[in-house]
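Number of protein chains: 2
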Amino acid sequence: MRPQRHGGCLYFFLVSILLLLVVCFVTAVVAEGVEVMAAAEEAQLLPRPLVIELPSAAAEGERELPAEVRCASWRLAAEANNLAPWNVVPEECAGYVREYVNGVSYRSDLEVVAREASTYARAARGGDDGRDAWVFDVDETLLSNLPYYAEHGYGLEFFDHLEFDKWVEKGEAPAIPSSLKLYNEVRELGIKTFLLTGRSEGHHGVTVDNLKKQGFHDWDKLILRAAADRKKTATTYKSEKRKDMEAEGYRIIGNSGDQWSDLLGFSTSARSFKLPNPMYYIP
Amino acid sequence: MRPQRHGGCLYFFLVSILLLLVVCFVTAVVAEGVEVMAAAEEAQLLPRPLVIELPSAAAEGERELPAEVRCASWRLAAEANNLAPWNVVPEECAGYVREYVNGVSYRSDLEVVAREASTYARAARGGDDGRDAWVFDVDETLLSNLPYYAEHGYGLEFFDHLEFDKWVEKGEAPAIPSSLKLYNEVRELGIKTFLLTGRSEGHHGVTVDNLKKQGFHDWDKLILRAAADRKKTATTYKSEKRKDMEAEGYRIIGNSGDQWSDLLGFSTSARSFKLPNPMYYIP
Numbered sequence: 001m002r003p004q005r006h007g008g009c010l011y012f013f014l015v016s017i018l019l020l021l022v023v024c025f026v027t028a029v030v031a032e033g034v035e036v037m038a039a040a041e042e043a044q045l046l047p048r049p050l051v052i053e054l055p056s057a058a059a060e061g062e063r064e065l066p067a068e069v070r071c072a073s074w075r076l077a078a079e080a081n082n083l084a085p086w087n088v089v090p091e092e093c094a095g096y097v098r099e100y101v102n103g104v105s106y107r108s109d110l111e112v113v114a115r116e117a118s119t120y121a122r123a124a125r126g127g128d129d130g131r132d133a134w135v136f137d138v139d140e141t142l143l144s145n146l147p148y149y150a151e152h153g154y155g156l157e158f159f160d161h162l163e164f165d166k167w168v169e170k171g172e173a174p175a176i177p178s179s180l181k182l183y184n185e186v187r188e189l190g191i192k193t194f195l196l197t198g199r200s201e202g203h204h205g206v207t208v209d210n211l212k213k214q215g216f217h218d219w220d221k222l223i224l225r226a227a228a229d230r231k232k233t234a235t236t237y238k239s240e241k242r243k244d245m246e247a248e249g250y251r252i253i254g255n256s257g258d259q260w261s262d263l264l265g266f267s268t269s270a271r272s273f274k275l276p277n278p279m280y281y282i283p
Numbered sequence: 001m002r003p004q005r006h007g008g009c010l011y012f013f014l015v016s017i018l019l020l021l022v023v024c025f026v027t028a029v030v031a032e033g034v035e036v037m038a039a040a041e042e043a044q045l046l047p048r049p050l051v052i053e054l055p056s057a058a059a060e061g062e063r064e065l066p067a068e069v070r071c072a073s074w075r076l077a078a079e080a081n082n083l084a085p086w087n088v089v090p091e092e093c094a095g096y097v098r099e100y101v102n103g104v105s106y107r108s109d110l111e112v113v114a115r116e117a118s119t120y121a122r123a124a125r126g127g128d129d130g131r132d133a134w135v136f137d138v139d140e141t142l143l144s145n146l147p148y149y150a151e152h153g154y155g156l157e158f159f160d161h162l163e164f165d166k167w168v169e170k171g172e173a174p175a176i177p178s179s180l181k182l183y184n185e186v187r188e189l190g191i192k193t194f195l196l197t198g199r200s201e202g203h204h205g206v207t208v209d210n211l212k213k214q215g216f217h218d219w220d221k222l223i224l225r226a227a228a229d230r231k232k233t234a235t236t237y238k239s240e241k242r243k244d245m246e247a248e249g250y251r252i253i254g255n256s257g258d259q260w261s262d263l264l265g266f267s268t269s270a271r272s273f274k275l276p277n278p279m280y281y282i283p
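Top line first, the protein sequences correspond to chains A and B.
The opening residue of the first sequence carries number 1 in our numbering; numbering runs sequentially from there.
The opening residue of the second sequence carries number 1 in our numbering; numbering runs sequentially from there.
No lab work stands behind these hints, which were simulated from the structure alone.
The reader is advised that the hints may include incorrect statements.
No distinction is drawn between identical chains; accordingly, a pair holds when it is met within one copy or between any pair of copies.
[To be verified] Result set (SDA-like, lysine to any residue): computed pairs, CA atoms no more than 25 angstroms apart in a straight line:
| # | residue 1 | residue 2 |
| --- | --- | --- |
| 1 | 192 | 84 |
| 2 | 181 | 69 |
| 3 | 221 | 190 |
| 4 | 243 | 267 |
| 5 | 241 | 265 |
| 6 | 181 | 66 |
| 7 | 170 | 199 |
| 8 | 181 | 84 |
| 9 | 243 | 204 |
| 10 | 231 | 271 |
| 11 | 221 | 241 |
| 12 | 181 | 68 |
| 13 | 243 | 264 |
| 14 | 166 | 102 |
| 15 | 243 | 124 |
| 16 | 181 | 64 |
| 17 | 221 | 265 |
| 18 | 243 | 265 |
| 19 | 181 | 90 |
| 20 | 181 | 272 |
| 21 | 181 | 85 |
| 22 | 181 | 67 |
| 23 | 241 | 81 |
| 24 | 243 | 81 |
| 25 | 241 | 264 |
| 26 | 221 | 249 |
| 27 | 231 | 270 |
| 28 | 232 | 123 |
| 29 | 232 | 124 |
Produce the complete structure using the sequences and hints provided.
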């Protein structure tokens with residue numbers, strides 16, 4: 001038996017080495033491609049460096065920190081808007097992000113933000129003149145695209161518009177439960193709900209169907225991105241739409257979004273709620 | 001033996017009940033006191049509710065999350081500026097915060113922000129006209145008051161100005177190593193460094209001594225809070241000082257602070273860096 005088992009091991013060992021080499025090569029090629037695409041895509045938009053340096057003290061002779069600690073710091077920095085625009089999750093954090101979004105922490109993080117928003121909504125409601133408004137982003141705010149990202153490396157792959165569009169057109173994105181609860185509470189308080197999404201107007205029908213199927217009803221406006229807005233950053237596009245709301249006489253008392261570009265810019269909300277999202281960044 | 005053991009159990013049971021009642025009573029009194037103080041102190045400043053609800057789904061019949069997960073969510077929400085102003089760390093998170101600030105995560109979180117800032121500083125420097133400026137907060141940004149907070153429950157105790165002043169007057173706050181490194185890098189790039197602190201002007205001498213002793217040298221300005229600025233929020237006070245810098249012709253390209261009130265308001269920096277601080281909140 002022994003020789004046979006050793007032979008099996010050797011075979012397995014060699015195949016593993018070969019597979020590892022293939023993976024390394026593919027990764028290197030993809031990474032380079034992503035960098036080039038990223039540089040080209042972002043160059044016009046952003047006067048910022050695209051370098052992401054994860055904290056490792058090893059180079060300076062200090063004790064190296066575990067990847068989990070480094071990746072948690074990366075995620076925190078992203079949530080606090082400390083990072084330069086980033087295109088993909090750092091490679092060493094792929095596993096960390098996968099575990100986070102599939103674990104209890106992501107759910108808990110979403111819940112805290114929703115509860116804080118709910119408490120605020122009850123206190124901030126200005127009156128019964130029907131002018132209080134709350135802006136909700138759609139993707140990763142009301143609806144979750146986790147099933148899509150599960151098939152695409154949880155943010156490790158460079159964003160593929162065509163593939164993502166196919167997913168959107170299925171209309172099968174599930175609701176984020178804590179957001180659905182907040183959405184209903186906000187509506188019950190008599191606050192107008194404006195859904196402001198980066199999805200294109202061509203996806204109006206499927207977005208309406210998906211939202212309704214998941215329990216979101218009776219919004220006052222659903223604003224999708226028109227062709228004329230396609231070249232704007234999300235920050236500019238969404239700020240302009242908020243400015244329109246103000247011009248129509250609405251008081252934007254709350255704004256929920258998973259991207260800083262949902263919340264910053266001009267005509268910002270009295271208070272903003274940043275939902276966690278470690279998978280992608282939209283400028 | 002049995003009767004004796006039962007007697008011991010009963011005695012133990014009764015003492016436990018008594019202790020629980022005492023703890024409940026003390027907790028209620030302390031909580032009420034904190035709320036009253038908080039309400040009084042914040043009423044003029046902040047049109048926001050001071051409720052902190054930690055995420056627990058138990059009340060709704062869902063599975064309860066471990067305290068560590070809930071406290072991590074609370075900390076993340078604070079860092080993403082999602083929370084209403086808070087006065088003390090939630091009681092159940094006392095241990096979590098203590099472990100965080102004394103562990104590798106806090107150091108790692110500080111390092112990521114400093115490295116990101118450093119990368120940006122190198123790219124953002126505008127020219128050699130001596131007009132580029134970087135604003136640094138002092139407490140929990142350049143200097144650490146961890147030795148003080150270790151003696152005061154790591155943010156679990158309500159802030160005591162008199163006690164904290166005594167600590168400041170010792171001049172023994174250690175440098176935050178990653179901030180010292182960033183500070184020196186920024187200076188070497190020829191960027192002016194403005195130290196903008198909520199400390200009062202009466203602490204000018206001891207602050208200078210403490211900073212120098214810890215390796216911070218050659219700042220261009222150290223701005224402390226004058227008596228006239230004492231009733232302003234930190235956001236207003238610091239915004240006004242940044243506006244003065246701009247009026248003097250400086251371009252504020254970077255701003256590092258552990259409080260959102262260091263970074264928000266008007267005359268904001270081209271880019272801001274929020275250092276972690278789960279121990280206290282300054283409006």
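Checked hints:
Proximity of residue 192 to residue 84 under the C-alpha cut-off of 25 angstroms is restricted to the inter-copy arrangement: shortest distance 22 angstroms between copies versus 34 angstroms within a copy. Proximity of residue 181 and residue 69 under a CA criterion of 25 angstroms is satisfied inter-copy only: 21 angstroms between copies versus 32 angstroms inside one chain copy. In the homo-oligomer, the alpha carbons of residue 221 and residue 190 lie at most 25 angstroms apart inside one protomer (14 angstroms), although the nearest pairing across protomers, at 50 angstroms, exceeds that limit. In this homomeric assembly, residue 243 and residue 267 come within 25 angstroms of each other (Cα to Cα) both inside a single copy, at 5 angstroms, and across copies, at 21 angstroms.
In this assembly of identical chains, residue 241 and residue 265 lie within 25 angstroms of each other by CA distance both inside one copy and across copies; the values are 11 angstroms within and 22 angstroms between. For the homomeric pair residue 181 and residue 66, the shortest alpha-carbon distance between copies (22 angstroms) is at most 25 angstroms, but the shortest distance inside one copy (37 angstroms) is not. Taking the closest pair of Cα atoms, residue 170 and residue 199 come within 25 angstroms of each other only inside a single copy of the chain (14 angstroms); across copies the shortest separation is 57 angstroms, beyond that limit. Within a single copy, residue 181 and residue 84 get their C-alpha atoms only as close as 32 angstroms, which misses the 25 angstroms cut-off; across copies the closest is 20 angstroms, which meets it.
Taking CA atoms no more than 25 angstroms apart as the test, residue 243 paired with residue 204 passes inside one copy only; the shortest distance there is 22 angstroms, against 44 angstroms between copies. Taking the closest pair of Cα atoms, residue 231 and residue 271 come within 25 angstroms of each other only across two copies (23 angstroms); inside a single copy the shortest separation is 27 angstroms, beyond that limit. Taking the shortest alpha-carbon separations for residue 221 and residue 241, only the intra-copy value of 11 angstroms comes in at or below 25 angstroms, while the best inter-copy value is 41 angstroms. Taking CA atoms no more than 25 angstroms apart as the test, residue 181 paired with residue 68 passes between copies only; the shortest distance there is 24 angstroms, against 32 angstroms inside one copy.
With identical chains, the CA atoms of residue 243 and residue 264 are at most 25 angstroms apart both within one copy (12 angstroms) and between copies (20 angstroms). For a Cα distance limit of 25 angstroms, the shortest separation of residue 166 from residue 102 inside one copy, 23 angstroms, qualifies, whereas the shortest one across copies, 47 angstroms, does not. Within a single copy, residue 243 and residue 124 get their C-alpha atoms as close as 20 angstroms, which meets the 25 angstroms cut-off; across copies the closest is 30 angstroms, which misses it. Proximity of residue 181 and residue 64 under a CA criterion of 25 angstroms is satisfied inter-copy only: 18 angstroms between copies versus 42 angstroms inside one chain copy.
For the identical chains of this complex, residue 221 and residue 265 are intra-copy neighbours only, at 21 angstroms inside a copy versus 30 angstroms across copies, given an alpha-carbon limit of 25 angstroms. Taking CA atoms no more than 25 angstroms apart as the test, residue 243 paired with residue 265 passes in both settings, with 10 angstroms inside one copy and 19 angstroms between copies. Taking the shortest alpha-carbon separations for residue 181 and residue 90, only the inter-copy value of 24 angstroms comes in at or below 25 angstroms, while the best intra-copy value is 33 angstroms. In this assembly of identical chains, residue 181 and residue 272 lie within 25 angstroms of each other by CA distance solely inside one copy; the values are 17 angstroms within and 33 angstroms between copies.
In this assembly of identical chains, residue 181 and residue 85 lie within 25 angstroms of each other by CA distance solely across copies; the values are 23 angstroms between and 31 angstroms within a copy. Taking the shortest alpha-carbon separations for residue 181 and residue 67, only the inter-copy value of 22 angstroms comes in at or below 25 angstroms, while the best intra-copy value is 35 angstroms. When the C-alpha separation of residue 241 and residue 81 is checked against a cutoff of 25 angstroms, the pair qualifies both within a copy, at 22 angstroms, and between copies, at 23 angstroms. Taking CA atoms no more than 25 angstroms apart as the test, residue 243 paired with residue 81 passes in both settings, with 23 angstroms inside one copy and 23 angstroms between copies.
In this homomeric assembly, residue 241 and residue 264 come within 25 angstroms of each other (Cα to Cα) both inside a single copy, at 12 angstroms, and across copies, at 23 angstroms. With identical chains, the CA atoms of residue 221 and residue 249 are at most 25 angstroms apart within one copy only, with a shortest distance of 14 angstroms there and 44 angstroms across copies. In this homomeric assembly, residue 231 and residue 270 come within 25 angstroms of each other (Cα to Cα) only across copies, at 23 angstroms, whereas the closest approach inside a single copy is 27 angstroms. In this assembly of identical chains, the alpha carbons of residue 232 and residue 123 lie at most 25 angstroms apart only when taken from different copies (24 angstroms versus 34 angstroms within one copy).
Taking identical chains as interchangeable, the C-alpha atoms of residue 232 and residue 124 lie at most 25 angstroms apart only when they sit on different chains, with a minimum of 23 angstroms there against 31 angstroms within one chain.
In the structure shown, no violation is registered for any of the earlier numbered hints.
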